[in-house]
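Chemist: Please work from the sequences and hints to get the whole structure.
Below are the chains, spelled out letter by letter.
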Amino acid sequence: MNATYPWLSTAIWVPIAFGVFLLSAGRDRSADVVRAVALVGSLISMLVTLPIVTGFRLDHAGLQFEEQIAWIDSLNANYHLGVDGLSIWFVPLTAFITVIAVLAGWKAIRERVAQYYASFLILSGLLIGVFCAVDGLLFYVFFEATLIPMYVIIGVWGGPNRVYAAIKFFLYTLLGSFLFLVSLVFLYRSSAGSFDIFAWQRMPIGLSTQILLFLAFFAAFAVKVPMWPVHTWLPDAHVEAPTAGSVVLAAIMLKLGAYGFLRFSLPIAPDAAHHLAGFVIALSLIAVVYIGFVALVQTDMKKLVAYSSIAHMGFVTLGFFIFSPIGMEGAIAQMVSHGFVSGAMFLCIGVMYDRTHSRNIADYGGVVNTMPRFASLMMLFAMANCGLPATSGFVGEFMVILGAVQFDFWIGLAAASTLVLGAAYSLWMYKRVIFGQVANPVVAGLADADPRELLAMGLLADAVLAMGVYPRPLTDAMHASVGQLLVQVSHSKLPPGL
Amino acid sequence: MPKVNFLAVLPEAILLASACLILVADPFIPERRRNVSYSLSLTALAAVALSCWNLLDEQVVRYAFGGMFVTDPMAQVLKLFACLATGFALVYAQSYSRGRAMWRGELFALALFTLLGVMTMISANNLLLIYLGLELQSLALYALVALRRDEPRAGEAAMKYFVLGALASGFLLYGMSMLYGATGTLDLNEIAHRIAAAQVANDKALVLATVFLVAGIGFKLGAAPFHMWVPDVYHGAPTPVALLIASAPKMAAFAVAFRLLVEGLPHEAGHWHLMLLLLALVSLAVGNLTAVAQTNLKRMIGYSTIGQMGFMLLAMQSGVASGTTASAATAYGAAMFYVITYALATLGAFGVMLLLSRQGFEAEEISDMRGLFQRRPWYAFVMALAMFSLAGVPPTAGFYGKLVVLQALLADNSSVPVVWVAVIAVLFSLVGAFYYIRVVKVMYFEAPADDQPFDARPDMRIALSANGLAIIVLGVLPQYLLGLCSSAMVRTLGG
Numbered sequence: 001m002n003a004t005y006p007w008l009s010t011a012i013w014v015p016i017a018f019g020v021f022l023l024s025a026g027r028d029r030s031a032d033v034v035r036a037v038a039l040v041g042s043l044i045s046m047l048v049t050l051p052i053v054t055g056f057r058l059d060h061a062g063l064q065f066e067e068q069i070a071w072i073d074s075l076n077a078n079y080h081l082g083v084d085g086l087s088i089w090f091v092p093l094t095a096f097i098t099v100i101a102v103l104a105g106w107k108a109i110r111e112r113v114a115q116y117y118a119s120f121l122i123l124s125g126l127l128i129g130v131f132c133a134v135d136g137l138l139f140y141v142f143f144e145a146t147l148i149p150m151y152v153i154i155g156v157w158g159g160p161n162r163v164y165a166a167i168k169f170f171l172y173t174l175l176g177s178f179l180f181l182v183s184l185v186f187l188y189r190s191s192a193g194s195f196d197i198f199a200w201q202r203m204p205i206g207l208s209t210q211i212l213l214f215l216a217f218f219a220a221f222a223v224k225v226p227m228w229p230v231h232t233w234l235p236d237a238h239v240e241a242p243t244a245g246s247v248v249l250a251a252i253m254l255k256l257g258a259y260g261f262l263r264f265s266l267p268i269a270p271d272a273a274h275h276l277a278g279f280v281i282a283l284s285l286i287a288v289v290y291i292g293f294v295a296l297v298q299t300d301m302k303k304l305v306a307y308s309s310i311a312h313m314g315f316v317t318l319g320f321f322i323f324s325p326i327g328m329e330g331a332i333a334q335m336v337s338h339g340f341v342s343g344a345m346f347l348c349i350g351v352m353y354d355r356t357h358s359r360n361i362a363d364y365g366g367v368v369n370t371m372p373r374f375a376s377l378m379m380l381f382a383m384a385n386c387g388l389p390a391t392s393g394f395v396g397e398f399m400v401i402l403g404a405v406q407f408d409f410w411i412g413l414a415a416a417s418t419l420v421l422g423a424a425y426s427l428w429m430y431k432r433v434i435f436g437q438v439a440n441p442v443v444a445g446l447a448d449a450d451p452r453e454l455l456a457m458g459l460l461a462d463a464v465l466a467m468g469v470y471p472r473p474l475t476d477a478m479h480a481s482v483g484q485l486l487v488q489v490s491h492s493k494l495p496p497g498l
Numbered sequence: 001m002p003k004v005n006f007l008a009v010l011p012e013a014i015l016l017a018s019a020c021l022i023l024v025a026d027p028f029i030p031e032r033r034r035n036v037s038y039s040l041s042l043t044a045l046a047a048v049a050l051s052c053w054n055l056l057d058e059q060v061v062r063y064a065f066g067g068m069f070v071t072d073p074m075a076q077v078l079k080l081f082a083c084l085a086t087g088f089a090l091v092y093a094q095s096y097s098r099g100r101a102m103w104r105g106e107l108f109a110l111a112l113f114t115l116l117g118v119m120t121m122i123s124a125n126n127l128l129l130i131y132l133g134l135e136l137q138s139l140a141l142y143a144l145v146a147l148r149r150d151e152p153r154a155g156e157a158a159m160k161y162f163v164l165g166a167l168a169s170g171f172l173l174y175g176m177s178m179l180y181g182a183t184g185t186l187d188l189n190e191i192a193h194r195i196a197a198a199q200v201a202n203d204k205a206l207v208l209a210t211v212f213l214v215a216g217i218g219f220k221l222g223a224a225p226f227h228m229w230v231p232d233v234y235h236g237a238p239t240p241v242a243l244l245i246a247s248a249p250k251m252a253a254f255a256v257a258f259r260l261l262v263e264g265l266p267h268e269a270g271h272w273h274l275m276l277l278l279l280a281l282v283s284l285a286v287g288n289l290t291a292v293a294q295t296n297l298k299r300m301i302g303y304s305t306i307g308q309m310g311f312m313l314l315a316m317q318s319g320v321a322s323g324t325t326a327s328a329a330t331a332y333g334a335a336m337f338y339v340i341t342y343a344l345a346t347l348g349a350f351g352v353m354l355l356l357s358r359q360g361f362e363a364e365e366i367s368d369m370r371g372l373f374q375r376r377p378w379y380a381f382v383m384a385l386a387m388f389s390l391a392g393v394p395p396t397a398g399f400y401g402k403l404v405v406l407q408a409l410l411a412d413n414s415s416v417p418v419v420w421v422a423v424i425a426v427l428f429s430l431v432g433a434f435y436y437i438r439v440v441k442v443m444y445f446e447a448p449a450d451d452q453p454f455d456a457r458p459d460m461r462i463a464l465s466a467n468g469l470a471i472i473v474l475g476v477l478p479q480y481l482l483g484l485c486s487s488a489m490v491r492t493l494g495g
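Residue numbers (the numbering used here), protein chains in the order written: chain R, 1 to 498; chain F, 1 to 495.
These aren't lab readings, by the way, just hints derived from the structure by calculation. Heads up, the beta-carbon is just placed ideally off N, CA and C, and yes, glycines get one too. Do not take every clue at face value.
Claimed, not checked - Which residues of chain R face chain F? A few of them, derived with a C-beta cut under 10 Å, are: (1) Ala70; (2) Asp73; (3) Val141; (4) Phe143; (5) Gly155; (6) Val156; (7) Leu174; (8) Leu175; (9) Val185; (10) Val469; (11) Arg472.
Modeler: What follows is the structure, given as structure tokens:
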């Protein structure tokens, strides 16, 4: 493996370069060419992430593929990239989901095609940038910059109420981010002018400061995850976003918040994290149980999956804050799995929506009769969504529940209720939509998934099954880094003498 | 100290000569050859910019006219950008002014005199010269606002601007007179020196002088509660003139604040530090909250400017509290960077407005931007960049403005709870983000209201594209400008 080649930069800038090219050269007249270029761009972007996976050393807890160039001298900010066991999976995941997103919008998007695909490709590069950046300022720039393409995607190509959803999405996330910015600048000042995340992790900080920092981080990341009660932007954004927008939003953007907890909250403010763990666990359980019930009563499929995303992300934050290796690895596995499963669920809804222009569960019934191949694939995803063994959904949930039971039986029990609730809302929706008699003439006239859709769904199905059957590589890669993070979190950072 | 130092005043000399030349020559140029004056003005601006650029790396501080006039690195940077801003404003003004009988020699001559006033203020090291520069700039701008005589709104704006501007000048002059009375000198360095040596006749007069000076500066910056003129003038003035008011004069006001308070009255910092903080917070609140309610884009930018100046003042006030020269340089460098990026984004926003205006149609309501993304995606993108930059969202230049101001603010280790000030500031910025992204919303998410084609002249297209690119390039690689501002400040304060 050629370690000196800047693979991470390649993974970030190749999709952005394709995006900028489409933006400047693409026209609606040549929409097919634009689609082809976008597909090629996303495939190349995915290919360049492969060396990062194959060259990743499992025994190494620190950064790999590190790159560091001076960026803003006067602020001592560096273009500093690197992946470790916490972030490694999100790089290929993002690139992979972008391919799916490109496929998902193939037919549904007919206007301003070039700008549409450019937004996704640029977004993909920026998201990979967030997962690779280990300089505080660089992280923030990528983190914030992702808002702009997503805002445009929801607002331009979204549903009827898209404007409201886009603005809500933007302002909610911006509120958290601005507080995050203040805390970054605060850390920069207190570390005598450094934006190095690892320097911040080593720096002793008093408890009350840690708590304030933790809360500022929390404002940014909890909104992104999203945790109850700051989740209300998500159902709106999902419902209004175009299919591919929902896929990327659920599969990747929600992970930014959870990833932020791993990179910032836990290692920089470990004492505050222990101090406030009960609070975060409580919010997570509310997300799991209460939002699970909320999902149950939804009549709109996208809303239902959006709420189920919140519940699943509740698992992730729960896994982080029980401070055990199995919980944390389970949480990261859950993040990856949720990337596949929620992406796939939104894709399935998109496939139906493209045909009927309805997301209402009541408008469907008996889809299996007209779309059998589609129905069988969706079955798999619905099962994965409720955590059936041998699907990816099982791995993370099982590990987190295991960790939670070790931590406290009752917390474990409450978390395990998701197995019932998840099955209830996923399968009940599946039953109402797919099974039964053909409900109406629209459903009777449905055509089964075409090869393009089958390809997108098939790729996701493979990923879901592969991860469910053999999750070892996934957890092996994160083992060393998670261990190191837990050691960091268990050591107090309070200044001596306090 | 030299009597006259020609090298130090070279840019101003070029500017003055060319402004006079245009003033005299233009009446003899026939209407259809008006481009001659236009090219002449742009050439003059280029020459001035070049001469500022040449002096940019000078380590020394040059004095001219017996110390009344100072050319330090800060002045060079600000002059360069003031000059560029005026040039862009003239390019943007072209098609708008042609359609409205404003494309006359007066426009060029007055714009150049405004710039001359701005540059004099930037370099003034003497109370009288500051006042002289201020009046030169203001009088030229009053006339420019009223350039469309047949437009009642412009007349009203000019009147308001004049009356309130005169009031502000009065405040400033009153403060200066007290300062002179207390210290017995007009020279800023000498004032600082005498206060330091406790050779002051009356300490209370100094405090009172500080109050009046801060009020005068507040007027000129458009900081609340001295902001009443801003929205009306932005709204009423012809768009190119509003653009002119929003760009270079802000840099001048910043420079005057720096010269008077930091260089002249460092020993009164305990007083003006808190005054500026108060102005900053009130401006942030008033500007951002009122801007939300606006439907007119020019008015909205006017109100948002108040908030932006509030943000800039946060850095301005923190420079002194942190104690060391290095951190003071960081703080004033941050404020300077903020003003420059603000001007850059505002130029872009007004530029797009001017692009959309045509004969008999003023594009100045937010709704006039509707569907621009479908009509002209590139210019919609430029406008979006300007808005995101003003909102402080990366990757745009404005983000780094916010960043450096916040980091200057948090360096303040005085008794003020700066973290909470910073939190208040970002919360108001969030309010700001709401109305900025509303403009983006209107451009991107709504269907076009009219399909009237508009055609931009090539020079305008190039300028507007360069403006947009500058916002994003500085948003990805801000090092050069950041370094320029902070090193200029280090050299200015050190020298």
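Chemist: Min Cβ distance, R/Val156 to chain F: is it shorter than 10 Å?
Modeler: holds, 5 Å
Chemist: Per the CB criterion, is R/Val141 less than 10 Å away from chain F?
Modeler: holds, 4 Å
Chemist: Closer than 10 Å between Cβ atoms is the bar; does R/Val469 clear it against chain F? Give me holds or violated.
Modeler: The hint is violated - R/Val469 has no Cβ within 10 Å of chain F, the shortest such distance being about 41 Å.
Chemist: Hint R/Ala70 vs chain F: min CB-CB distance below 10 Å?
Modeler: holds, 8 Å
Chemist: How about R/Leu175: closest beta carbon in chain F under 10 Å, or not?
Modeler: Holds, about 5 Å.
Chemist: At a threshold of 10 Å, is the proposed contact between R/Asp73 and chain F supported by beta-carbon distances?
Modeler: For R/Asp73, the interface hint holds, since the closest Cβ of chain F sits about 6 Å away, which is under 10 Å.
Chemist: Against chain F, run the beta carbon of R/Val185 and see if the smallest gap drops under 10 Å.
Modeler: holds, 5 Å
Chemist: Are R/Arg472 and chain F close enough, Cβ to Cβ, to be under 10 Å, as the hint says?
Modeler: Where the cut-off is 10 Å and the nearest Cβ of chain F is about 39 Å from R/Arg472, the hint is violated.
Chemist: Going by Cβ atoms only, is R/Gly155 closer than 10 Å to chain F?
Modeler: Where the cut-off is 10 Å and the nearest Cβ of chain F is about 4 Å from R/Gly155, the hint holds.
Chemist: Should the interface hint for R/Leu174 be scored as holding, given a Cβ-Cβ cut-off of 10 Å against chain F?
Modeler: OK, holds: R/Leu174 within 10 Å of chain F, min 5 Å.
Chemist: Under the criterion of a CB-CB separation shorter than 10 Å, is R/Phe143 in contact with chain F as hinted?
Modeler: holds, 9 Å
Hint violations for this structure: numbers 10, 11, all remaining hints satisfied.
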